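Got chain A sorted already, so can you dock chains B and C onto it with the hints?
Now for the letters of each chain:
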Amino acid sequence: MTAHLVLGGARSGKSAFAQAAAEAHATSSGGRLVMVVTAQAFDDEMVERISRHRADRGEAWTTLEAPFDLPDILAGLVAGDVVVVDCLTLWLSNLILAGRDVATEAGRLVDVAAGFEGALWLVSNEVGFGVVPDNALARRFRDEAGRLHQRLAHAVEAVTLVVAGLPLRMK
Amino acid sequence: MTAHLVLGGARSGKSAFAQAAAEAHATSSGGRLVMVVTAQAFDDEMVERISRHRADRGEAWTTLEAPFDLPDILAGLVAGDVVVVDCLTLWLSNLILAGRDVATEAGRLVDVAAGFEGALWLVSNEVGFGVVPDNALARRFRDEAGRLHQRLAHAVEAVTLVVAGLPLRMK
Amino acid sequence: MTAHLVLGGARSGKSAFAQAAAEAHATSSGGRLVMVVTAQAFDDEMVERISRHRADRGEAWTTLEAPFDLPDILAGLVAGDVVVVDCLTLWLSNLILAGRDVATEAGRLVDVAAGFEGALWLVSNEVGFGVVPDNALARRFRDEAGRLHQRLAHAVEAVTLVVAGLPLRMK
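Residue numbers (the working numbering), protein chains in the order written: chain A, 1 to 171; chain B, 1 to 171; chain C, 1 to 171.
In case anyone wonders, no lab produced these hints; they're calculated from the structure.
Bear in mind that the values here come from a model prediction, so they are computed numbers and not experimental data.
Glycine included, each C-beta is placed from N, C-alpha and C at the ideal position.
Hints may contain errors.
Claimed, not checked - Now the in silico label distances, taken between C-beta atoms and shown as ranges:
| id | chain 1 | residue 1 | chain 2 | residue 2 | range |
| --- | --- | --- | --- | --- | --- |
| 1 | B | R139 | A | A55 | 38 to 46 Å |
| 2 | B | A103 | A | A136 | 29 to 37 Å |
| 3 | C | G58 | A | G99 | 58 to 66 Å |
The following block holds chain A by itself, in its conformation from the complex:
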């Protein structure tokens, strides 16, 4: 019944924060721990990396892959599930590179998150605090990420900014 948006910079500890929060929640609720990864296993290195992360998390976690169909995957989970999505940045990047309709997909994600009947942590990179990027694709990505974060932040119950592993509650 609670959706959280966890924003942070690169290597800020945002994933570890979300994972720890979900594990603490599952301990008390007894819900199933589900990690939804959005990285695409497009080569052997990524297959190996996704597999290693899965092993690192241990057997308590069920892992689902959702490089594109994140709203559908989340809609298919059951009440009581304790879910981390890691991360929205890669999902958005996948959508843009595949030429998908980002605004529509983002809208579907916001709807699913707002009505989610479990505990949900959506992890994403805050990428808007640098100078304007040189290349057009990076600018497009930055704009789409900012728009998605605003829409999600408005829709969810809790928003946390993670800096150097430390959480700053924004909402």
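Here is chains B and C on its own, set in the frame of chain A:
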């Protein structure tokens, strides 16, 4: 009598935050709503974009253009005006590209903001949280923006950092 | 007995914040003010710049240079010293460019900071809030900086994020 600095990343919702704060203020104070835009209408696309933004804001707002002469424009406003400047980043960029004396102009802006006899929201991009940019102009811009923000933050009554549409009050 | 991590963007006022905090501390504790600079004096311009900064700080400060051997330099200071390290970003950059074992050196710094018997402010640039950098070295640097900040933030007593000269206490 109150000047605010509103910092945020790209697509962080900083402009919408400032605009909503100004509208709420004007509703109670009865002051005139003034939007000071700093974008330069250097081609048809920008002319069209500035015009569309003006239409989006509606008839309650008076729009002034100040790509360079921002301190003078602000100094010419009257007591009781409720003003948003959107944004300092473009103004600074215009000054740098035109070879103006940035430190002097920044000093004049700080003086006008500190003595402003209305309600003022100055919107600007925080651009210093990425890696050092490759090109010298971007580094110069980043340094000048950081210096301007420090001087303004010291001089004004209120500073807010906007992340994903959510305000974090810094001062 | 207290170690602080001071994070901030470029030209955010983080160094001035740390320096002022150290000076206030030394006034009451009577400890010696030590500035540990990590910039390398690899050409005349840098030699001149380091020398100018030293003059700006005034005679109250003792300046030590530690482009590489920061953990050793800190370990050699005496109880009661009031120390600012400015900055970790340059130190990390020096280590990476010289091909040093960054993880080991970072671990040594974390150990020294955690056991420091004086007052210590470690200043560093938060660089992870932009889009993924184009070049591999910048990505590596960003990742190492993020990891170092997380480890230090976990180990030290106080963490402050500086935005536009204003401190936000994170821990």
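What are the numbers of the hints the structure violates, in ascending order? Per hint list: zero violations.
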